[in-house]
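> Spelled out, the chains give:
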Amino acid sequence: MKINRTTRVVQLVSLGAFFVLLGFATYPLILPIPPDLFLRLDPLIALGTFLSSHRLSAGLWTALVLVGATLWLGRFFCSHVCPLGTTLDLVDEGVTRRLRARRARGDEPRRRRLRWKYYVLASVLLASLLGSTFLFILDPISLATRFYTLVVYPVVVAAINGLLFVLRPLLSAVGSSLAYAHLTPATFSLTLLTLALVVALVLLQLWERRFWCRNLCPLGALLALLARLRILRRTVEEACTECGLCRQVCLAGALTVDGASTVVGECMVCRSCESVCPKGAVRFRHAGWKRFDPEEPVDVTRRGVITAGVTGLVVGAVAGTSLAEPKPGRLIRPPGALPEDRFLATCVRCGECMKACLTHTLQPCLLEAGWEGIWTPRLVCRHAGCEEQCNVCGRVCPTRAIRALTLEEKKFAKIGTAVIDRTRCIAWNENKECLICDEACPYNAIDFRVVVDSCGRGKRPFVVREACSGCGICEEKCPVGGESAIVVHPDGEMRRESGSYITEEARRAREPESDADRDYFEPIRDDGECVVGPERADDDLAPGFLEE
Amino acid sequence: MDNPVSRRTFLKKSVGAAALAGLGVCARSLPSWALSAYEEARGAEAAVDLGVATGSPAWAVGRALDLIGGIGRFVKRGDFVLLKPNMSFGTPPEMGATTSPEVVKAVAIECLEAGARRVLVADHTIRAAKVSLEYTGIEPALKGLDGVQTAALNDESRYRKVSIPRGQALREAAVAEELDRADVLVNLPVAKSHSATGVSLGIKNLMGLVWDRRVFHTGVLDQSIADLATLIRPQLTIMDAMQAMVQGGPSGPGRTVRLNRIVAGVDDVAVDSYTVGLTKWYNRKFTGKQVAHLAAASRMELGQIDVDQLRIAFDQEAPREENSQGE
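Listed in order, the protein sequences are those of chains A and B.
Position 207 of the first sequence, counting from 1, maps to 207 under this note's numbering, and the rest follow consecutively.
Throughout, this note's numbering is defined as the position within the second sequence, counted from one, plus 548.
It is worth saying that the hints were derived from the structure and are not from the lab.
Yeah, the Cβ is synthetic: ideal placement off N, Cα and C, and Gly gets one too.
Hints may contain errors.
[Stated by the list, open to error] To give an idea of the interface, some chain B residues facing chain A are shown, with a C-beta separation under 10 Å as derived from the structure:
| no. | residue |
| --- | --- |
| 1 | Glu650 |
| 2 | Gly715 |
| 3 | Gln716 |
| 4 | Val768 |
| 5 | Met793 |
| 6 | Pro798 |
| 7 | Gly802 |
[To be verified] Which chain A residues face chain B? A few, computed with CB under 7 Å, are given here:
| no. | residue |
| --- | --- |
| 8 | Phe165 |
| 9 | Ala173 |
| 10 | Val174 |
| 11 | His383 |
| 12 | Ala404 |
| 13 | Thr406 |
| 14 | Cys434 |
| 15 | Gly492 |
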């Protein structure tokens with residue numbers, strides 16, 4: 001069962017690179033290479049999102065590189081590079097291998113399962129064709145990114161913070177600046193569900209090593225189709241004694257009983273057979289271009305293909321008719337998110353934006369965007385607001401479902417409008433000297449006005465709609481217990497597929513002079529609820545001051 | 549196969565690690581709450597109460613300190629100095645919501661030259677830590693100064709709940725435990741308006757050393773600020789009044805005026821009260837006594853609010869061109 005040592009080294013280096021890139025997907029982005037590189041390598045994402053949204057993914061060119069490499073080397077990606085594959089291998093060697101049932105050694109059921117992944121691929125692509133990227137929850141790179149972001153990263157952050165806490169007396173004593181280091185705790189919703197999906201893939205290995213990769217993975221299927229044309233091919237020389245060792249080590253479960261030939265397209269080029277062969281009879285050689293061989297049809301059944309196609313079409317069709325339009329509830333999408341239907345047709349649910357989000361306001365949806373919006377990002381402002389000076393979510397999005405905006409554009413890409421609940425706000429309702437929403441607001445969007453009402457005379461907050469970006473930092477900081485007394489609604493959100501978000505109106509509203517324009521103490525409206533006093537700056541005191 | 553001995557070893561080691569961690573926690577909570585020790589510096593007799601200097605930030609900081617007897621009066625060789633600027637917002641220094649990096653740097657250098665072992669520049673930021681430290685310009689300005697660290701104390705485990713015996717509205721607060729460790733606390737507020745408390749100056753700036761500030765607002769804000777000032781008593785307050793955001797504070801944007809002044813003193817109520825009189829706030833002239841939270845602090849006898857009673861030393865040697873920018 002030992003994997004080829006070189007392959008293992010490349011696997012570990014790749015997984016390490018995946019972790020490093022994911023780690024650097026944070027504010028500020030300092031890497032010269034895109035931290036979503038693995039997602040950009042994925043031709044299934046590039047092809048699927050092109051079908052679903054007719055937009056060229058950010059990873060188009062890098063995905064073509066992988067296509068080219070697969071045409072040359074075969075399905076090496078699955079054995080060497082895929083972070084999900086490596087994870088499954090490591091878990092298998094640690095746990096599932098020992099528990100694997102020794103029965104069911106017959107080859108036929110196993111061979112038949114190999115075709116399932118083509119059905120999955122067909123479903124994914126057909127659903128994409130109808131504009132749904134829901135099935136991308138099954139893309140392995142998306143799945144791995146999502147798993148390591150939502151499940152593993154929070155644990156790592158907690159562990160680092162715990163370690164820093166325990167070592168703090170020591171670090172303080174030696175005057176290290178690490179004594180003050182503290183990572184923003186990462187907490188996510190849907191961790192259990194995300195974990196469950198990966199656990200399911202692990203459990204599948206109780207039947208068969210790499211069950212997922214061999215039999216179900218849609219990217220594996222796509223690469224397997226490309227690999228039929230590969231140049232590098234496995235050959236078995238005459239010294240072969242048909243000892244069958246190579247069959248035991250084959251990562252892909254792709255060898256025929258005698259070990260002499262490979263089920264076409266299935267070989268993952270881990271080269272374990274080559275290193276295990278006692279006679280040195282197995283070689284991988286450049287065999288030159290080989291045309292598609294009609295003698296080797298893709299091993300699928302008509303019934304299977306039809307079923308898969310119908311499944312994909314049904315998923316796509318139902319997704320297109322679900323509750324996503326009109327948008328339910330208080331769904332706040334990240335700044336620069338495409339219009340909702342286009343967004344749902346483009347987002348591959350990888351969670352990279354959630355990893356990169358500085359404040360971790362970006363959280364995975366469960367049903368907030370309809371069932372097909374599961375794992376897409378939304379802001380949970382009560383948890384944390386969107387930081388004004390940060391624009392990393394769009395810059396790490398591999399499919400541009402969130403546009404990569406400049407910081408200036410991002411500040412104007414309005415995602416909603418804050419609304420004050422006057423029945424709960426303690427300034428409105430209890431006449432308290434609370435200004436936290438104003439203090440926290442980076443956009444000059446909260447105005448305080450002196451108001452005389454049934455609660456007495458005091459300063460009350462008003463939201464300046466034109467200035468408000470919907471960042472929700474007011475909602476986060478509001479001191480009222482439970483639900484915030486100032487809440488961001490998607491009302492007024494700007495969802496644009498192209499073009500600038502900057503408007504003169506918003507720019508003007510955010511300038512400090514606009515406060516003066518609005519005449520500091522002159523009440524802006526009398527809406528019947530309150531009697532607004534006739535106070536003017538000249539003959540009135542600002543709050544916090546006393547008469548002489 | 550699993551090896552029972554290795555498992556036992558593992559358990560032993562885990563217990564050992566846990567015990568060490570426990571010790572670490574105990575060591576942290578050794579009683580050394582010594583805020584009242586700050587009273588000593590306040591009691592020390594000095595020729596003047598306030599030093600007021602104009603000019604470039606670095607020059608004015610040095611002069612203002614000289615006028616009240618030099619930084620050496622407060623910072624001794626080997627001291628750990630805690631500097632509390634306002635760096636709560638991710639706004640540029642020109643906005644006036646945060647203490648200017650030049651002032652912070654000048655004070656840090658003064659402390660180092662007086663022999664400080666370590667200078668910690670810290671605040672509990674409202675906006676994200678990285679953004680606040682970077683955009684205020686304070687962290688970049690201090691980079692490369694040996695012995696100076698910049699930190700956002702945005703982690704609850706760095707705060708310790710203490711009671712406020714003299715508190716009238718605020719009876720307890722979780723305050724930064726660095727106060728416990730520091731030999732000297734230097735308050736470095738920026739002069740700005742505040743939409744709830746009128747102005748935000750020295751004693752208001754101390755709220756940045758508290759974990760949960762929401763109780764200030766759900767309670768009685770002005771009195772709570774005075775209550776906190778009974779607990780946290782900086783040895784020295786250096787007011788950054790190079791510019792003042794006279795409207796639109798605390799977070800801005802708002803109208804700023806150039807005052808080109810540094811005001812230094814031991815008595816923070818006096819520093820605040822004097823600063824109130826430096827300019828018009830919301831287009832109106834005020835005295836310190838008219839600021840509700842300063843009046844409350846004065847009632848609690850935390851300092852001299854009456855500017856006429858203060859001995860103020862002015863710097864007369866400010867370079868002319870610096871001075872000419874005027875108000």
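> A separate judgement is required for each hint: does it hold in the structure or not?
Hints, verified against the model:
Given the 10 Å rule on beta carbons, the hint for glutamate 650(B) is violated: about 22 Å separates it from the nearest Cβ of chain A. Interface hint at glycine 715(B): violated, since its Cβ lies 17 Å from the closest Cβ of chain A, which is beyond the 10 Å cut-off. Taking 10 Å as the C-beta cut-off, the interface hint given for glutamine 716(B) is violated, the closest approach to chain A being about 15 Å. Annotation: valine 768(B) was flagged as interfacial toward chain A, and the flag holds, the nearest CB pair being 8 Å apart, inside 10 Å.
For methionine 793(B), the shortest C-beta to C-beta distance to chain A is roughly 9 Å, which falls under 10 Å, so the interface hint holds. Annotation: interface hint on proline 798(B) holds; nearest CB of chain A at approximately 5 Å, less than 10 Å. With a least beta-carbon distance of about 5 Å to chain A, the hint placing glycine 802(B) at the interface is held under the 10 Å criterion. A distance limit of 7 Å between C-beta atoms decides the matter here; for phenylalanine 165(A) the minimum to chain B is near 6 Å, and the interface restraint holds.
Interface hint at alanine 173(A): violated, since its Cβ lies 10 Å from the closest Cβ of chain B, which is beyond the 7 Å cut-off. The criterion of a C-beta within 7 Å of any C-beta in chain B is not met by valine 174(A), whose closest approach is roughly 11 Å, and the hint is violated. Hint status for histidine 383(A): violated, given a least beta-carbon distance of 13 Å to chain B, over 7 Å. Violation of the interface hint for alanine 404(A) is found here, the shortest Cβ-Cβ separation to chain B being roughly 19 Å, above the 7 Å cut-off.
Checking threonine 406(A) against chain B: minimum C-beta separation of about 16 Å lies over 7 Å; hint violated. Among the interface hints, the one on cysteine 434(A) holds; its C-beta lies about 4 Å from the nearest C-beta in chain B, closer than the 7 Å criterion. With a least beta-carbon distance of about 21 Å to chain B, the hint placing glycine 492(A) at the interface is violated under the 7 Å criterion.
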